[in-house]
Structures are given as C-alpha cells and as structure tokens.
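Peer 1: So you can see what is in the structure, the chains are spelled out below.
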Amino acid sequence: MSEFKVTSELLAEHSINQEEYAEIKNILKREPNWVELGIFSVMWSEHASYKNSIKLLKTLPKDGDYMLAKAGEENAGVVDIGDGLAVSFKIESHNHPSALEPYHGAATGVGGILRDIFTMGARPIAVLDSLRFGNPENPQVKHLIKGVVNGIADYGNCFGVPTVGGEIYFEDSFEGNPLVNAMAVGILKHKDLAKSGAKGLGNHVVYVGAKTGRDGIHGATFASVELSNESEEKRTAVQVGDPFMEKLLLEATLEVIQKGLVVAIQDMGAAGLTCSSSEMAGKTGVGIEIDVAKVPQREIGMSTYEIMLSESQERMLIIVEPKNFDALQDIFHKWDLEAVIIGEVKDDGLLTVKNKDIIEAQIPAETLVLGGKAPVYTRETTIPGYLHKTRSLDVNQLPESKDYADILVKLLQSPNIASKRAVFRQYDHMVQINSVVEPGSDAAVVKIKDTNKALALSTDCNSRYCWLDPYEGAKGAVAESARNVVCSGAKPLAITNCLNFGNPYKPEVYWTFSEVIRGMTDACKAFGTPVTGGNVSFYNENPTGAIYPTPVIGMLGLIEDSSKVITQFFKNDGDLIYLLGKECMEIGGSEYLKVIHNQISGYPPKVDLNAEQELFILMLELIDRRLIKSAHDCSEGGLLVCLAESCFSPDGSNKGIEIEYNPKIRKDIAYFGEAHSRIIVSISPDTKQEFLNTVTASALEYMYLGKVKGSEYIINEDLAVDTKILREFWEKGIDL
Amino acid sequence: MKVSVITFPGSNCDHDAMEAFALRGHEVKNIWHKDHDLQSPDLVILPGGFSYGDYLRCGSIAKFSPIMKEVISYAQKGGMLFGICNGFQILTECGLLPGTLMMNKSLQFICQHQYIRVESNDTPYTYGLDKGKALDIPIAHKEGNFFIDEAGLKSLQDNNRIVFRYCDKDGNATPEANPNGALDNIAGICNKERNVMGMMPHPERAASEHVVSQDGLFIIKAIENYFNHR
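Protein chains in written order, with the numbering used here: chain A, 1 to 736; chain B, 1 to 230.
Any given hint could be a false lead.
Said to hold, decoys possible - Label-pair restraints from in silico Cβ distances: (1) B/Lys-192 with A/Asn-135: 44 to 50 Å; (2) A/Lys-191 with B/Leu-23: 44 to 50 Å; (3) A/Gln-689 with B/Ala-22: 42 to 48 Å; (4) A/Leu-736 with B/Lys-34: 38 to 44 Å; (5) A/Asn-135 with B/Lys-105: 24 to 30 Å; (6) A/Glu-560 with B/Lys-192: 49 to 55 Å.
Derived from the structure by calculation, the hints contain no laboratory data.
The structure presented is a predicted model; accordingly, all values stated were derived computationally and were not measured.
The beta carbon of each residue, even a glycine, is placed where N, CA and C say it ideally should be.
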C-alpha cells in the first residue's frame with residue numbers, strides 16, 4: 001500500500017471533491033489508502049449520505065400518533081395498526097441501474113426494498129411499483145418497459161409477494177432516464193421489531209445469505225452522478241438478483257428474528273458490506289471489526305476493496321450473542337444458506353477492516369454515516385426560466401373542440417390513461433390470498449391475516465403538475481394518494497416518499513426540490529400523515545435536461561372493517577351517481593391539454609387542503625355507514641374519463657350511464673379539465689335521502705350527475721356510445 | 001381430513017393451501033422437504049411457487065427432494081396427491097402425471113381470473129360437481145402451457161383423465177379462452193388410478209370470503225364429499 005498515491009483523477013473517479021478530501025485527511029489525520037478512499041466514496045456519495053437533501057428532509061413532518069420507528073431511525077418506517085401488529089413500509093428508486101440493465105435493475109430494485117422490510121422483522125405482504133418512461137412508441141423505450149416489467153415480475157413472483165398496485169406514466173422528459181420506484185409493505189408483531197444498531201462488546205458479526213461477487217461495485221456512487229454515454233462502461237455497477245435466494249433469506253431471517261436470536265440486523269444494499277457495517281456501528285457508537293478473508297466469495301482473487309464495495313444481492317449482516325450463534329447457524333443451514341462469523345463488536349468506535357492479519361482500513365464509524373460526519377450541503381435555488389412560458393397559457397386562446405366522443409376516445413387510448421392490465425397481469429397479484437381489491441381500482445386493498453382489518457395502498461405523483469408548479473404538484477401528490485385510499489374506505493395513516501430529481505447542483509432543479517419539500521410538508525401536516533422514510537434520487541438527467549420533478553408518494557391507509565371496502569366500479573342499474581366536490585374550472589397540466597392541444601402548460605390544479613380533509617372525513621363517514629356503492633377519485637383525464645373508468649368492471653363486464661349534468665362553463669373544461677378534491681360516487685336509490693342528509697350536513701359542494709343504466713355511455717345530448725366500444729379503445733392503449 | 005402440505009425451498013403458495021384447508025376445519029400439517037414422514041395424511045398437497053427457483057426447469061430439482069420418495073410411494077399406494085401450479089409441474093417431472101408444462105404462448109407470466117370447466121366428475125377432486133360447470137379459478141404462471149404427444153393426449157381423452165379445461169364464463173372451451181396455449185385447453189389432469197391430480201389454476205386463491213372469487217370452494221368441498229362418502 002506504500003506506493004498508493006491519491007491523485008485528482010482518482011478522486012474524480014470516486015466522486016470526492018477537494019473539500020471532502022481535505023475533511024477525510026482531517027478525520028484520519030493521514031492520507032487514506034485505496035480501500036479507505038473507496039469506503040468514503042460510497043458512504044459520502046449522494047445515495048448513501050443524502051448530503052444535498054438531508055437539511056430539507058429534516059423539515060418534513062415525521063411525528064405521528066402511530067409511529068414505532070420514525071424516518072431515518074431504521075431501514076424503514078414502522079406504523080402501529082393496533083392488535084399488537086405494525087406495518088413497515090418504504091419506497092426506493094432504482095433508476096440508473098434500470099436505465100442500463102432494465103431487467104436486473106428493476107428486479108434488484110424490488111429485491112432491495114423487500115430486504116429493507118424483512119430486516120425489520122416484517123413479512124412482506126405487498127409490493128407496488130411506480131414507473132415512468134419516455135414515449136412508448138420509441139423502440140428503445142419499449143425495450144426498457146418490457147425489461148423493467150419483466151424484471152419486477154420475475155423477482156416478485158418468485159419471491160412470493162403480490163404486486164398489487166402502482167402507476168405507470170409516459171412523458172418525453174423520462175426518455176433515457178426512466179424512473180423505477182419500488183415500494184414494499186410488511187406486517188410484523190410489535191415484539192418482533194428488529195433494530196439495526198450494533199450492541200454488546202464481543203458479540204459476533206455474522207454474514208448471512210448469498211456469496212459476494214464483483215457485481216454492483218460502486219453502485220451507490222454510480223447512482224450519484226448523471227447518466228451519460230460513458231455510463232454503459234459502468235454496467236458492472238448494476239447488480240444481478242436471485243429471487244430464490246431472497247425467498248430463502250426471508251424465511252431464515254424471520255425465523256431467527258422471531259426466535260429472539262438477533263441483537264441487530266441490517267441488509268447489505270447500496271454500498272454493501274461497507275454501509276451495513278459502518279451504519280450498524282455508527283448508529284450506536286460502537287466499533288466493528290471484520291475480516292474480509294472470512295466473507296463467503298463467489299469469485300477467486302477478490303481484493304479487500306472489491307469485497308467491501310460489492311453490491312451483490314441477498315446478503316445481510318447480523319449481530320449475534322456468541323451463545324446464540326449455533327442456533328442461528330442451524331436455521332440458516334436448514335435453508336441451505338451461509339452464516340459465517342466475520343468479525344466482532346468492539347468498543348473503539350472504529351470500522352476496522354482486516355484481510356487476515358493485515359489491517360486494510362480503519363475509520364471512525366460515525367464519520368461515515370448520515371448524522372455523523374458525512375458532508376451536509378445547502379444548495380442554491382433559482383426559479384426556473386421555463387415557468388414564464390408555461391404560466392402564460394391563455395385558455396381563451398385555445399380552440400374549443402366539441403367532438404366530445406373523439407376527445408374521450410383519444411384520452412382513453414392515451415398510454416397514461418389506458419388500461420394497465422398488460423402490465424399488472426404479468427405480476428402475481430394474488431399470492432398470499434389477501435388481495436381484497438386487485439390492481440385497477442384507485443387503491444389496492446390487502447387484508448391482514450387473523451384480523452378484520454385491511455390496508456389500502458397507493459402510489460401517486462403527477463410529474464407534469466410538479467414541473468408546472470412543484471409546490472402545488474407535491475401537495476397534489478399527497479392529496480391524491482390519500483384520496484385514493486379514502487375512496488376504498490381507508491383512513492390515511494402515513495406516507496413514504498421517493499424523490500426523483502435532476503442534478504441538485506443546478507439551482508433550478510434544487511428550487512423544484514425545495515418547493516416539493518414545502519408542498520409535501522404542508523399536505524402531510526394537514527392530513528396528519530407523517531413521512532416515515534423513503535429515498536432521494538438525484539442526477540436523473542438525460543441529454544435534454546433534468547427529468548420532471550417527481551416526488552412519488554406511497555400512502556398507507558387502514559381499514560378497520562374489511563367488509564366495508566369499496567371499489568371504483570359501478571355496481572347496479574338504477575344506482576345514482578354524484579360528484580362530491582366542485583365543478584372543474586381548471587385545465588392547466590391536464591392530459592386533455594397534452595393529447596388534444598399538444599401542450600404541457602398552465603398552472604396545475606391547486607389543492608385546498610381544508611376542503612380535501614373535509615372531503616376525506618365525509619367519504620369515510622359515508623363508507624362506514626355503508627351508503628356508498630362505488631367511489632372513484634376524479635383525477636387524470638377529467639370527469640368523462642373517470643366516469644368511463646368506473647363503467648369498466650374488472651370482471652370484463654361493462655355498465656352504461658346516463659349523465660344529466662350540464663356544465664355552466666366551457667364544456668371541454670368541465671368534461672376534461674383536472675381538479676383535486678373530487679370523488680365520483682354511486683349510491684343505491686334506497687339510501688338517497690340518508691346520503692343527501694349526510695352530504696348536506698357537511699360544507700362540501702356536490703352535484704347530481706345521473707344514473708347507472710343499460711350498456712350505453714350517455715352524456716347529455718353531447719355523447720352516446722356503447723360502453724363496450726369505449727372499453728376496446730381503453731384496453732388497447734398499451735401493448736407489451 | 002388430515003392434509004399435509006409440502007414446503008420445498010421456493011414454495012410460496014404452501015401457506016395459502018394450508019390456510020384454505022384450515023379454514024374448512026381440516027387438520028393441516030406443513031412438511032419440510034428434507035423430512036421423511038408425511039404424518040399419515042388423507043391428502044397431500046404439492047403447492048405452487050418456484051421450488052428451487054424453478055432454475056433448470058420448473059419442478060425438475062424438486063423431484064430430488066428427500067420427501068419425494070415418500071410422496072411417490074404414498075401415491076403409488078393410492079393416496080390422494082394434489083399438485084397445484086408448481087406442484088403440477090413437479091408431478092409431471094417425477095412421472096406421476098404425463099405430459100409437460102411449457103412456457104406460455106405469450107412468453108409472459110400471466111396472473112388473472114380464469115374460468116375452467118369441469119370435464120370429469122369421476123375424481124376425488126371433482127366428486128359430485130356438475131360436468132360442464134365453469135369455475136372462476138385464478139391462474140398465475142409463466143410455464144403452464146400443457147403439452148403431450150398425440151398418443152398421450154388420446155389416452156387422456158379416452159380415459160376421461162382431462163379434469164379441467166380452460167373456458168370462457170359461459171363454459172365454452174374456445175381458443176380465445178385458452179390463456180397459455182395449452183393443448184386441447186387442458187388446465188388439469190389426473191392419473192389412471194385418479195388419485196393423483198395436477199392443475200395449473202389455484203383453487204386455494206378462490207376459497208376465502210374476502211378475495212374476489214370463491215369458486216375454489218367447489219373443489220375443496222368436492223374433496224370433502226369424496227372423503228366423507230367413499
């Protein structure tokens with residue numbers, strides 16, 4: 001190691017700047033060696049350190065009545081749902097790997113988030129995937145879509161967790177830099193909650209799971225720079241997943257946690273062994289000493305640097321009391337998995353990495369981790385120039401199209417609105433037999449075994465709204481995700497978020513980030529839904545610039561009585577259809593504006609947080625009193641699109657409607673404009689009076705729209721078409 | 001009934017099968033694949049999932065699991081053995097059922113509600129069911145495209161061993177109603193002695209109140225009827 005010399009090229013390769021390098025020398029009181037440089041590089045990367053986001057993230061509301069583990073405390077947030085049970089859930093991005101290797105990138109994205117959940121002691125019961133791609137007509141994009149969907153399917157299906165929901169959007173801004181965000185949700189008993197902070201001097205540090213290979217080296221650093229033409233060369237930074245191994249790891253891990261054999265546990269995700277060991281030590285201020293020679297390896301001749309930085313999948317690090325090691329090892333062996341002692345807990349606060357007898361790295365653990373000495377930056381912000389242009393939209397200048405049938409058909413065929421069945425039928429969404437509401441309705445609903453309860457889950461973000469106004473867009477994302485779970489009868493409890501942005505060193509990008517945080521904060525406070533964790537993904541750029549700001553919200557809702565769950569689909573002829581909320585007066589950022597007028601402009605719809613919260617309270621009361629037969633969030637595509645969606649029953653049958661609502665304003669806006677705080681409900685005529693009494697007792701506006709009737713979709717005198725024909729257009733929108 | 005469900009590494013519908021039968025009040029046991037004792041069951045289930053990751057070929061490694069020796073001898077003695085999805089694949093791999101399950105025609109995994117028609121009620125698994133009845137039983141597989149040579153197909157047909165065919169909701173076994181390209185729309189078959197049954201659809205996924213279809217209960221109740229009346 002004596003000839004090792006740190007050069008500026010080497011620092012650049014490790015994405016460490018001069019200022020950071022000076023700090024490293026200050027910490028070590030010497031020059032770092034090659035291994036140490038690698039360790040600092042991954043731990044201080046954007047991906048692991050959140051150095052450019054943590055200041056703002058700390059302003060998000062994270063306290064709530066039901067929190068058992070708050071944001072930043074553990075691998076994932078944990079929310080109490082009563083009866084001694086808790087939910088652990090989190091969303092994470094795997095954007096850059098998926099851009100290069102869509103199949104493995106997406107698969108390991110799912111694998112990584114599942115491990116985050118079962119390291120907490122929770123059994124994963126649902127996965128949702130929030131995906132964004134460029135124009136699906138482009139063959140390159142099609143290749144990405146197919147690869148990503150296939151990767152998610154193969155991993156989740158084999159692992160045995162139902163993929164119950166999510167979203168897919170197509171926007172030119174994601175060309176070349178797709179977004180692949182995976183959310184996992186797990187259930188645990190309070191007593192089985194596992195922690196990650198290492199404790200107990202002399203306790204064993206045990207490596208379990210798959211062997212370490214050379215895949216994924218520097219994945220975290222790779223995720224922290226922009227993609228470029230040279231990115232192809234970093235293909236080895238993409239990991240390869242083995243869902244079968246993960247399934248075995250799940251069963252063995254839960255078994256050792258439930259048997260009380262674990263002091264602490266952390267999965268090896270981004271930055272692999274380096275991150276897990278330094279975080280476990282850094283969290284509790286102890287030291288950890290490991291010997292890389294003892295790490296099970298699948299390739300010959302791996303260096304200490306490679307072993308420490310490998311992001312091979314399906315591995316965990318466990319702290320075990322020596323007296324429990326044999327019992328723990330027996331369980332892993334039962335599942336044909338490795339469990340090897342590679343080190344011990346020390347009292348020196350150092351991460352010490354040895355290769356047999358040679359010390360290869362020695363760094364104070366807390367200097368590596370978030371909340372310790374990892375760098376924290378404040379970035380500049382500037383209002384982006386494009387907003388001048390987008391905000392100058394004059395609706396009066398827009399030609400008013402009156403061929404409503406033509407507009408409706410075009411919107412239903414638009415990939416953003418069209419049926420996503422071609423995608424979700426590739427995901428096993430029924431395994432574990434808890435799926436009360438299958439994909440296709442506003443929120444997925446999953447029953448909790450041995451209780452009467454169910455969880456409603458939704459991921460939401462309209463990137464277009466966030467681009468046009470990041471503050472309102474972020475508020476809207478939280479509001480819509482909450483509205484979606486409310487529509488199924490669930491009380492919104494908490495959120496996880498995945499914040500996808502461009503390069504934070506661009507002040508315009510950072511302004512959108514700071515506005516999004518502000519919007520999310522206001523909305524989460526209004527709904528009482530704390531942020532339980534998640535992830536930030538910066539540097540999502542393609543040659544034409546940053547992606548649209550995309551804060552994906554994953555909402556957790558709780559239903560106390562699963563027999564009261566409702567879906568968005570109309571049920572019986574003669575049922576009455578109402579709109580809870582106002583007539584739409586807005587058109588900015590709508591799918592109509594994009595598809596028909598070929599522009600993305602205007603102000604996106606604003607959320608009145610008080611009205612939204614009142615709407616939730618009213619809806620939940622109506623559902624609780626069984627006064628509602630269907631409820632559908634009236635969002636993208638506007639009123640006519642959402643009415644049509646409620647006509648397309650998932651069993652393949654179609655309902656007709658006869659709508660008598662005659663707008664007082666410009667009809668294209670009323671029919672296709674998009675606004676928040678609106679829900680389309682249907683009720684039985686028998687309960688009309690009770691329904692109206694309840695609705696009028698609230699201060700909310702509402703409107704009678706019409707009836708469920710026959711097989712034709714009829715809107716005033718404006719439109720009459722067989723619902724079946726509409727459905728055919730809607731179903732062929734996405735072809736995989 | 002005493003029901004033993006085998007867990008192979010990678011099985012992921014084992015607990016679903018156990019839950020569905022436990023809900024009906026049966027005594028359910030979970031048998032680890034390295035065990036050698038089936039615990040004197042009335043019914044053995046090879047569950048769905050991805051035994052050994054479905055690496056090499058679906059079901060091909062599971063047939064070497066230690067417990068399979070006992071399973072095969074149990075079946076040869078006439079014991080009721082029910083393979084669902086991956087369990088069906090294992091049964092064809094170890095020769096207890098003929099034919100093979102190839103990749104779906106679309107080359108994609110398919111998870112959806114699927115109607116299947118009762119073709120034979122002369123089995124313990126369809127005992128007392130109306131022939132021609134269409135049941136909504138979910139499928140979830142990538143390799144469910146049943147294939148067998150001509151002679152084998154003829155033997156299945158002639159011996160009334162095709163138990164279920166894919167169909168539409170009115171019971172028509174048309175090419176359009178065939179989700180995976182299976183020969184003759186075959187969704188499930190039994191052996192000559194009719195004690196061993198394999199099917200790709202998952203009756204256990206349609207056997208509890210809170211899920212979308214309850215048609216799987218027809219099959220579970222048929223098994224109970226057979227057990228009580230034989």
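Peer 1: Hints first: check each against the structure and report whether it holds.
Peer 2: Here is how each hint holds up against the structure:
1. For B/Lys-192 paired with A/Asn-135, a C-beta distance near 56 Å fails the hint of 44 to 50 Å.
2. At roughly 26 Å, the beta carbons of A/Lys-191 and B/Leu-23 sit outside the given window of 44 to 50 Å.
3. At roughly 44 Å, the beta carbons of A/Gln-689 and B/Ala-22 sit within the given window of 42 to 48 Å.
4. Distance hint for A/Leu-736 and B/Lys-34: a CB-CB separation of about 40 Å, consistent with the stated range 38 to 44 Å.
5. Roughly 28 Å separates the CB atoms of A/Asn-135 and B/Lys-105, a value that falls within the hinted 24 to 30 Å.
6. For the hinted restraint 49 to 55 Å between A/Glu-560 and B/Lys-192, the CB-CB distance of approximately 52 Å keeps it satisfied.
Checked against the numbered hints given earlier, this structure breaks hints 1, 2; the rest are met.
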